[in-house]
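Chemist: One letter stands for each residue in the lines below.
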Amino acid sequence: MATAGGLSEAAPLWWRRRPTERTLRRDGHLWTAWTTAVATPFFVAGGFLLWLEPLTFPVALASFAHGWVIPELYARRGAGSVVPIGSKASASRKRAASNRAEREALGLLGDLVGHEQRDLLRRTGLALERGRLGAWLVGERGAVLVRHGGRRVDCWCVRVAEPGTLPSGDRVAHLLLALREDEAGFATVANHAFSGATWRVRRRMPKGSRPALDAARAAAREAS
Amino acid sequence: MARLIRLDRTGHTTLAEWTREDPASADSAIEAFRRELDAGMLASVSREDGTAEVVRDLPLDADLVVMRRPIAGG
Numbered sequence: 026m027a028t029a030g031g032l033s034e035a036a037p038l039w040w041r042r043r044p045t046e047r048t049l050r051r052d053g054h055l056w057t058a059w060t061t062a063v064a065t066p067f068f069v070a071g072g073f074l075l076w077l078e079p080l081t082f083p084v085a086l087a088s089f090a091h092g093w094v095i096p097e098l099y100a101r102r103g104a105g106s107v108v109p110i111g112s113k114a115s116a117s118r119k120r121a122a123s124n125r126a127e128r129e130a131l132g133l134l135g136d137l138v139g140h141e142q143r144d145l146l147r148r149t150g151l152a153l154e155r156g157r158l159g160a161w162l163v164g165e166r167g168a169v170l171v172r173h174g175g176r177r178v179d180c181w182c183v184r185v186a187e188p189g190t191l192p193s194g195d196r197v198a199h200l201l202l203a204l205r206e207d208e209a210g211f212a213t214v215a216n217h218a219f220s221g222a223t224w225r226v227r228r229r230m231p232k233g234s235r236p237a238l239d240a241a242r243a244a245a246r247e248a249s
Numbered sequence: 014m015a016r017l018i019r020l021d022r023t024g025h026t027t028l029a030e031w032t033r034e035d036p037a038s039a040d041s042a043i044e045a046f047r048r049e050l051d052a053g054m055l056a057s058v059s060r061e062d063g064t065a066e067v068v069r070d071l072p073l074d075a076d077l078v079v080m081r082r083p084i085a086g087g
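First to last, the protein sequences are chains A and B.
Every number in the working numbering is 25 more than the matching position in the first sequence, counting from 1.
Every number in the working numbering is 13 more than the matching position in the second sequence, counting from 1.
Since the hints were made in silico from the structure, they are not lab data.
We treat Cβ as the ideally placed atom computed from N, Cα and C, and that holds for glycine.
Treat the hints with caution; some may be incorrect.
Said to hold, decoys possible - Listed next, the stretches of chain A that the computed footprint assigns to chain B, with coverage defined by at least 3 CB atoms under 8 Å from CB atoms of chain B:
id: 1; region: 31–45
id: 2; region: 115–129
id: 3; region: 194–202
Pulled out of the complex, with its shape left as it was, chain B reads as follows (with noise of 0.2 Å):
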């Protein structure tokens, strides 16, 4: 089962789960992540070459999506 988790206070909170095999819990999953987006998060997923890439629409083939708060110079 795919995972949709946002970085917060309480250390990651699960947004939404989804299984491309149930288009119910896909659209809520979809449905949660873009709402995520218009708070100013940004959507990463972590690739098996250990690199990660900035999304703007769910990936539903990913098992994590990480919402993120934006980062800026110190």
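Chain A on its own, in the form it takes in the complex (with noise of 0.2 Å):
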């Protein structure tokens, strides 16, 4: 990725912090960190429960539930905020959306990517990009980081700054583009929404974009 110049977006978050290989790994460990605190309670509560009443089982099973739901609450936020071309939330799927804009701007999209991720953006909606922190999968409102190794990845928000009506593939085009510029100012410039296994924003993925991901996995691992 180029860094000469870097990304003019991230110059005006001076208080965030350009993330390195270091940093996102720390940030993973927080992560975990608070998702486990959060969602210990509740286990210990439901166990408790049953300890001093079984009859309380209902209750118990709720506890547990809860505790089970909060950690797939955040995998589904990260995996949400990806938004592949095509998928319910994409802004193709609009009604104000014009074919001919679509197909000329997935027809730019597919001339930035090459060759080789073209068909995987055609099947999946997502863009491929490897970087030095890792393998991206580029959407309409944000991104997925797969970090080397393949094991652990990172979802970004974010998006074109003003929209308004510009078809899928420029959006996507837009945050491609912004990521080759600058991979550490694009990830400061983004929101983390959420940073956890793989396998946990991969079963929320829309079922025809999980392949990207399996293809980053792969990227990710052939890298490290």
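Both chains are sitting in their own frames, so use the hints and assemble them into the complex.
Modeler: Now the structure itself:
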């Protein structure tokens, strides 16, 4: 990724530190610790209720369910932040979308990603980009970073500042260009939505987009 | 022939085309480029190694210069 000049959008965000592999690893540990701290009391409470009085098992079950749902909600938010082209939340599915503009935008995006990734983009709606921090999957409103090794992902909320009626392909192209201009700057501008195991996000992604995550995981493993 | 394009609601619009052998076409491309910068657009040039670079002056040796809008955290 080119960093010459950096991403101009990151310049006003002086209080945010540019992510590195080390800070991402640290933030990932904090995510895991936080999720554990929030979810564990529900399991402890459920277990305690069962120990105290087995007849309270409906309440204990509800407590277990709470503990299970919290990490799932985090993963769901992460997976939902990406928005693959053609998915339910895609700009291409809106009534105002113009088929011609969508085709034009997808054609240009296809040229930008190159031959190797074009088929993956067509099948999954996500653009794969290899970076220094790992393998990225870029969607319309966010990106997933599969870190080196492929076991952990970070989800980022980022979009065109004033998207207006931009076609879906152009939304991805904007993010892809910004990512190529300055990877760390891109992650500085984006809001960190989730950090955790790859499998957690995979099962919350639309089925048609999961092969993109598999490809990104393979790319991240190759690079490590 | 090199192209200056803008990502917009039509997919993309070609703002200018130029060759180094035709100074008039290059001048009009530079003018169009500056107009877009003044309107708040950012210019991105893809390099052969797959990276991209933000430019503030039109690189006349580039094949394709893309004008894009700023991005923001969602």
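Chemist: All hints are to be evaluated individually against the structure, with a verdict given for each.
Modeler: Each hint tested on the structure:
no.: 1; hint: 31–45; verdict: holds (count 4)
no.: 2; hint: 115–129; verdict: holds (count 6)
no.: 3; hint: 194–202; verdict: holds (count 6)
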